[in-house]
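**Student:** Now for the letters of each chain:
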Amino acid sequence: MGMTMTQKILAAHAGLESVTAGQLINAKLDIVLGNDITTPVAVNEFRKAGFDKVFDKDRVAIVLDHFVPNKDIKAAEQSKQCREFACSHCVSHFYDVGKMGIEHALLPEQGVVTAGDCIIGADSHTCTYGALGAFSTGVGSTDMAAGMATGTAWFKVPSAIKFNLKNKLPSNCSGKDVILTIIGMIGVDGALYKSMEFCGDGVANLSMDDRLCICNMAIEAGAKNGIFPVDEVTKAYMNGRCERNPVVFEADANAEYEKVIDIDLSKIVPTVACPHLPENTHPASKLSDIKIDQVVIGSCTNGRMEDMETTYKILNGKKVADGVRCIIIPGTMQILRECVEKGYYTAFIDAGAVVSTPTCGPCLGGYMGILAAGERCVATTNRNFVGRMGHVESEVYLASPATAAASALTGYITHPKEV
Amino acid sequence: MNTKGKVFKYPDNVDTDVIIPARYLNTANAQELALHCMEDIDTEFVKKVEKGDVMVAGWNFGCGSSREHAPLVIKTCGTGCVIAKSFARIFYRNAINIGLPILECEAAAEEINANDEVSVDFDTGLITNHTSGKTYKAQPFPPFIQNIIKCGGLLKSLKEGENND
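Chains as they are written, first to last, in our numbering: chain A, 242 to 660; chain B, 46 to 210.
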């Protein structure tokens with residue numbers, strides 16, 4: 242029987258000819274990742290278990306991104322603990338303030354992750370790197386500790402759902418609308434324990450930023466990983482960027498899938514996930530009477546350069562509506578710099594928005610845009626659970642950068658064509 | 046190994062943000078974090094939970110963030126076991142890795158009510174509802190995972206493996 246793309250990568254990393262769904266394997270890891278919230282727990286476990294060195298200083302990545310620049314004394318202590326661990330183990334991919342970015346925007350940009358990799362990260366959105374044709378999945382801190390110590394992790398080989406993408410997205414839609422539409426179709430546990438494998442002629446029409454966004458939210462459908470095939474778009478992105486040579490895996494023609502779902506990209510519309518689950522999706526055009534207090538454009542889902550460009554095109558020369566706080570967070574220092582160089586930063590300020598240095602901040606209700614009781618936010622982030630961005634009676638509406646920027650101008654949820 | 050206690054019942058899709066809100070994650074201290082366990086959907090839980098009590102929930106328990114703090118605070122509060130129709134995969138992995146007993150059993154999760162008195166035998170997967178008199182059998186873990194649990198978590202099982210090599 243043939244293997245899916247994910248199964249092929251796992252087999253190669255387990256040193257096996259082939260694997261089948263449900264099989265328990267031990268696989269070699271190319272990158273083990275942690276952030277300022279999950280790494281301290283991993284470091285404590287690592288030490289408690291008596292490990293004294295990491296398996297490979299070049300294969301561990303620690304990114305301070307959730308609460309930095311440190312939001313308070315406790316956060317500062319956690320960052321300090323990460324810094325000291327990274328320093329004492331000579332971790333080469335340690336990203337502190339000034340170098341850091343939101344981890345899942347940063348690692349692909351810096352070429353730390355590449356096609357064919359097997360990656361674990363103590364952050365649920367580690368599934369983002371599937372966009373490059375890697376197997377990449379989120380784990381907890383103990384798995385991170387074990388991965389840092391041994392360079393391996395155990396996995397149950399997943400089965401897969403195949404998403405056959407056709408045609409091309411309308412101009413006011415992006416990867417975010419695709420993944421929100423899919424989560425609305427299959428539900429927040431629709432891909433539980435499974436791979437989401439994206440393929441079909443439509444893939445060629447999706448940019449890397451679209452693909453990174455789509456894979457990023459695979460976890461919101463419960464998936465173990467999301468993955469795209471490696472094509473010319475991927476190769477152009479990786480060329481001169483990746484520090485290790487990409488390895489290209491392809492699904493077998495006779496690979497077995499639990500389900501095949503056809504997605505006609507030309508039929509996608511600007512989509513919004515209403516509180517309090519990402520599966521609660523509706524067309525943006527049907528929500529125009531929902532008044533908002535805040536807009537957040539950023540996060541590991543939508544803080545990339547194309548997201549900034551889209552935001553710029555909509556906000557440039559216009560004004561954020563009275564009563565709306567518009568917070569824009571470029572995902573990495575390089576993206577922030579590009580926003581400055583291209584004049585986006587000035588245009589954002591002139592429109593009445595604020596621009597922050599990279600941070601996960603408001604996405605998880607950490608800081609930099611917390612909501613009060615009864616307040617509503619349109620956010621390009623990935624979760625709209627109860628209390629996710631602040632008070633338990635606040636509400637988060639998940640949307641694309643185009644819909645979020647359009648909504649910032651009107652003060653209501655707004656289809657991008659309306660502005 | 047077993048546990049016995051009263052039931053706290055929760056719905057489908059209980060996410061890690063309500064199990065332990067991220068606003069408290071500026072510390073990794075389990076005792077401190079445990080004071081806020083479930084507070085965004087059940088402010089009474091922390092006040093009422095006693096050692097050995099059982100959480101019963103619907104589909105996709107523990108969805109969302111990878112934070113290991115979530116199973117850790119449930120365990121630190123004294124909860125003896127979580128029974129659900131299904132678990133989100135990172136939570137499932139984390140619970141095993143830190144030694145919080147969890148069981149998947151759709152019928153038990155459907156029929157057991159809040160405040161019922163329940164006991165769970167982890168070796169056999171037998172769930173007994175002393176209030177209704179009904180018993181249920183949960184799916185046992187595969188031997189590989191049973192070994193992690195027996196060793197007291199993933200890192201201890203790795204150390205044990207090293208010693209046996």
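Take the hints with a grain of salt, since some may be wrong.
Below 27 angstroms or equal to it, Euclidean Cα-Cα: the simulated DSSO-like pairs (lysine-lysine) are [as the list claims (entries may be wrong)]: (1) A:Lys-554 <-> B:Lys-204; (2) A:Lys-269 <-> B:Lys-201; (3) A:Lys-289 <-> B:Lys-195; (4) A:Lys-500 <-> B:Lys-130; (5) A:Lys-289 <-> B:Lys-96; (6) B:Lys-130 <-> A:Lys-397; (7) B:Lys-96 <-> A:Lys-397; (8) B:Lys-120 <-> A:Lys-269; (9) B:Lys-201 <-> A:Lys-289; (10) B:Lys-201 <-> A:Lys-298; (11) B:Lys-204 <-> A:Lys-269.
Just so you have them, the derived chain B footprint on chain A, three or more residues with Cβ under 8 angstroms [unchecked claim]: (12) 276 to 282; (13) 304 to 317; (14) 474 to 486; (15) 524 to 538; (16) 623 to 630.
Not close to chain B: a few residues of chain A, all C-beta gaps over 12 angstroms, as computed [stated by the list, open to error]: (17) Asn-285; (18) Lys-289; (19) Gly-379; (20) Lys-465; (21) Ala-494; (22) Val-501; (23) Glu-520; (24) Thr-598; (25) Ile-611.
Keep in mind the hints are simulated off the structure, nothing from the lab. From the three backbone atoms N, C-alpha and C, an ideal C-beta is built for every residue, glycine too.
**Student:** Each hint: holds or not?
**Tutor:** For each hint, the structure was consulted:
1. A:Lys-554 <-> B:Lys-204: Judged against 27 angstroms, a Cα distance of about 55 angstroms means the pair is violated.
2. A:Lys-269 <-> B:Lys-201: holds, 20 angstroms
3. A:Lys-289 <-> B:Lys-195: Within the cut-off at roughly 18 angstroms; holds.
4. A:Lys-500 <-> B:Lys-130: holds, 22 angstroms
5. A:Lys-289 <-> B:Lys-96: holds, 25 angstroms
6. B:Lys-130 <-> A:Lys-397: Satisfied, since the Cα-Cα distance of roughly 19 angstroms is no more than 27 angstroms.
7. B:Lys-96 <-> A:Lys-397: Answer violated: Lys-96 of chain B to Lys-397 of chain A is near 32 angstroms, above 27 angstroms.
8. B:Lys-120 <-> A:Lys-269: Violated, at about 31 angstroms.
9. B:Lys-201 <-> A:Lys-289: holds, 10 angstroms
10. B:Lys-201 <-> A:Lys-298: holds, 23 angstroms
11. B:Lys-204 <-> A:Lys-269: Since the Cα atoms of Lys-204 of chain B and Lys-269 of chain A sit roughly 18 angstroms apart, the hinted pair holds (cutoff 27 angstroms).
12. 276 to 282: holds (count 4)
13. 304 to 317: Since 6 is at least three, the answer is holds.
14. 474 to 486: It is violated: at least three residues are needed, and the segment 474 to 486 of chain A offers just 0 whose Cβ sits closer than 8 angstroms to chain B.
15. 524 to 538: violated (count 0)
16. 623 to 630: holds (count 5)
17. Asn-285: It is violated; Asn-285 of chain A is separated from chain B by about 7 angstroms at its closest Cβ, not greater than 12 angstroms.
18. Lys-289: violated, 7 angstroms
19. Gly-379: violated, 4 angstroms
20. Lys-465: violated, 6 angstroms
21. Ala-494: Holds, since 28 angstroms exceeds 12 angstroms.
22. Val-501: holds, 22 angstroms
23. Glu-520: violated, 9 angstroms
24. Thr-598: It holds; Thr-598 of chain A is separated from chain B by about 18 angstroms at its closest Cβ, greater than 12 angstroms.
25. Ile-611: violated, 8 angstroms
Checked against the numbered hints given earlier, the structure breaks hints 1, 7, 8, 14, 15, 17, 18, 19, 20, 23, 25 and satisfies all the rest.
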